[in-house]
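> Please take these sequences and the hints and turn them into a complete structure.
In case you want the letters, here they are:
2 protein chains.
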Amino acid sequence: MSGVLFGLGLGPGDPDLVTIKAATIMREIPVIAYVTPVRSGKPCTSFARSIAEPYLIGEKEEITIAIEMLDDPTRGRQVYDEVSDKISYYLDSGRNVAVLCEGDPLLYGSFMYILDRIKDSYKVLTVPGVSSLSAAAAAANLPLVTRHQTISLIPATLSESKIRTCLLKGDSIAILKLGKNIVKIKKILSDLGRSYDAVYVERASMMNQKILSLSDAPDNAPYFSIILLTCAETE
Amino acid sequence: MSGVLFGLGLGPGDPDLVTIKAATIMREIPVIAYVTPVRSGKPCTSFARSIAEPYLIGEKEEITIAIEMLDDPTRGRQVYDEVSDKISYYLDSGRNVAVLCEGDPLLYGSFMYILDRIKDSYKVLTVPGVSSLSAAAAAANLPLVTRHQTISLIPATLSESKIRTCLLKGDSIAILKLGKNIVKIKKILSDLGRSYDAVYVERASMMNQKILSLSDAPDNAPYFSIILLTCAETE
Numbered sequence: 001m002s003g004v005l006f007g008l009g010l011g012p013g014d015p016d017l018v019t020i021k022a023a024t025i026m027r028e029i030p031v032i033a034y035v036t037p038v039r040s041g042k043p044c045t046s047f048a049r050s051i052a053e054p055y056l057i058g059e060k061e062e063i064t065i066a067i068e069m070l071d072d073p074t075r076g077r078q079v080y081d082e083v084s085d086k087i088s089y090y091l092d093s094g095r096n097v098a099v100l101c102e103g104d105p106l107l108y109g110s111f112m113y114i115l116d117r118i119k120d121s122y123k124v125l126t127v128p129g130v131s132s133l134s135a136a137a138a139a140a141n142l143p144l145v146t147r148h149q150t151i152s153l154i155p156a157t158l159s160e161s162k163i164r165t166c167l168l169k170g171d172s173i174a175i176l177k178l179g180k181n182i183v184k185i186k187k188i189l190s191d192l193g194r195s196y197d198a199v200y201v202e203r204a205s206m207m208n209q210k211i212l213s214l215s216d217a218p219d220n221a222p223y224f225s226i227i228l229l230t231c232a233e234t235e
Numbered sequence: 001m002s003g004v005l006f007g008l009g010l011g012p013g014d015p016d017l018v019t020i021k022a023a024t025i026m027r028e029i030p031v032i033a034y035v036t037p038v039r040s041g042k043p044c045t046s047f048a049r050s051i052a053e054p055y056l057i058g059e060k061e062e063i064t065i066a067i068e069m070l071d072d073p074t075r076g077r078q079v080y081d082e083v084s085d086k087i088s089y090y091l092d093s094g095r096n097v098a099v100l101c102e103g104d105p106l107l108y109g110s111f112m113y114i115l116d117r118i119k120d121s122y123k124v125l126t127v128p129g130v131s132s133l134s135a136a137a138a139a140a141n142l143p144l145v146t147r148h149q150t151i152s153l154i155p156a157t158l159s160e161s162k163i164r165t166c167l168l169k170g171d172s173i174a175i176l177k178l179g180k181n182i183v184k185i186k187k188i189l190s191d192l193g194r195s196y197d198a199v200y201v202e203r204a205s206m207m208n209q210k211i212l213s214l215s216d217a218p219d220n221a222p223y224f225s226i227i228l229l230t231c232a233e234t235e
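Residue numbers (my numbering), protein chains in the order written: chain A, 1 to 235; chain B, 1 to 235.
Bear in mind the hints are in silico, worked out from the structure with no lab data behind them. Each hint should be verified, as a subset may be incorrect.
No copy labels: a pair is met if it fits in one copy or bridges any two.
Stated by the list, open to error - Capping the alpha-carbon separation at 25 Å, the derived lysine-lysine pairs in DSS-like fashion look like this:
| # | residue 1 | residue 2 |
| --- | --- | --- |
| 1 | Lys-187 | Lys-169 |
| 2 | Lys-162 | Lys-123 |
| 3 | Lys-119 | Lys-210 |
| 4 | Lys-169 | Lys-184 |
| 5 | Lys-210 | Lys-123 |
| 6 | Lys-186 | Lys-169 |
None of the values given here were measured: they were computed from a predicted structure.
Here's what the structure looks like:
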C-alpha cells in the first residue's frame, strides 16, 4: 500500500506555535522534505526545518528542496519535478512523507507545487498552520478585521498601479513579501496619506520580533515581515 | 502584580489543531472566559470551550460571555463591559485569565472587544491560531493564493452590490459568515458565471466536515462554513 503525503503547516516561527497534530506527525514520520534556499550558489539554513527541529525524534530520511532565490519558473519546475519523483519513490515503498512548510501550506506556500504533482496518484493530507498574518496581528495586538469588513492580502511584488488600486478599495489590508519592495510601498502609502495607520511587523513570534511604525521600518525588509493597515471596529 | 490576559486562538475545531503554546497555557491558567451563544433565550454549547476541553486540566474559574445571536451592538457592548469588569477583577488579584477563541483571535474574532477594553490597563498576550480559512483550504487540498496574486476575505453579510464589486476585482476570494446569506451568494456567483469554480467547505477539520460543489451546498449554511474561489497558479 502506498504511503501518504502530509503537507505540514508549522506556523510563523516559534516552535510552540506548531499544532499538536503537526508535532505528532513529525515524531512518527520516517521521511521529511523541506525547502533549503540557495543564495549565490550556497545552501542556507532551512527555516521550516529549524521550526520543526524540537519534534524530529529519531532517524529520518531527509529530502532537501534546493531553490535558488531567483524568480526563474523554469528552474523551479525542474526542482519540483525532481523532488516529487523522490517523494513518489518513498510513497511507493509504503513510507509516509511530510513536507515541512513555514506558516500555512496553502497561503503563499510552495507546498502547492508538490501537491499539484502528487495529488492525482497518492493520498495527500494537508495540515493547516498558523499564518504569518495571524502572528503579525497577535504580535501587535491589532484586530485585523471584524463584522462586515473585508481584508485583502497583497504581495509587495505587484506593480505600483495595482497596489494603489488595492489600497483605494479595501477595508483592511496586509502587505506581504516586502524585501526591497518596501521602499515602493512606503512611497505609495505616503502619497495616499496612509503611512500613519500602517504598522510594520518583522519576524512575528520569533525571538527577534520587531513592531515598528512604517517610518522606522528598514528599506530592505526581511522576507518574514508584513505591513498591516487595519480598520477593525470595536464596540 | 496584576495578572496577564491571554487571547488564545484554538483553531478551526479539531482539538489536535490547537498549538503547543495554547495547550500549555490552558493547562496552567486558573481562569478561562469563553463565548456561550444564546439562541431564543437559551444558552448553547460553547464551541471554543469544546475545542479546549482536552486541555482544561484541574479546577478553573470560568467566565461565560453570553451573547444573543442578534446583531444588536448595544446589548453586545453591555455584555463585553460586564465581562471585561469580571476579567479585570481576576487580573487585579494577580491571576492570569485566558479568553478561549475559535480560529484566530484577531480575524473576525470577538476577542477584539475584550482586548479593546483591557489593553490600556493590563498586559495582553495574543496567541495566534489556525484560521478557518486555512482549514477549509487544507480540507479541500486547494491552494489559496500564490506568487503575485491577492486574496480577499469577504463576509456574506455585505450587500449584494458590494459583494459583486469584490468578486469582479480580486484574484482569490474566500466568502465567510454564510448562514442564510448563502442564497444571495449562489445567485451572484451564478450571474457572474463563477459557480463552477466555487468550492463549499463546511466544518473544516471536524468529524462532520463536508466539501461540496456550490450547487450541492445547503441554503442555510452553518456559521462554520466557507466558500473558496481560488486561482492559484502552479508551475
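> Name the hints, by number, that the structure is in violation of.
2
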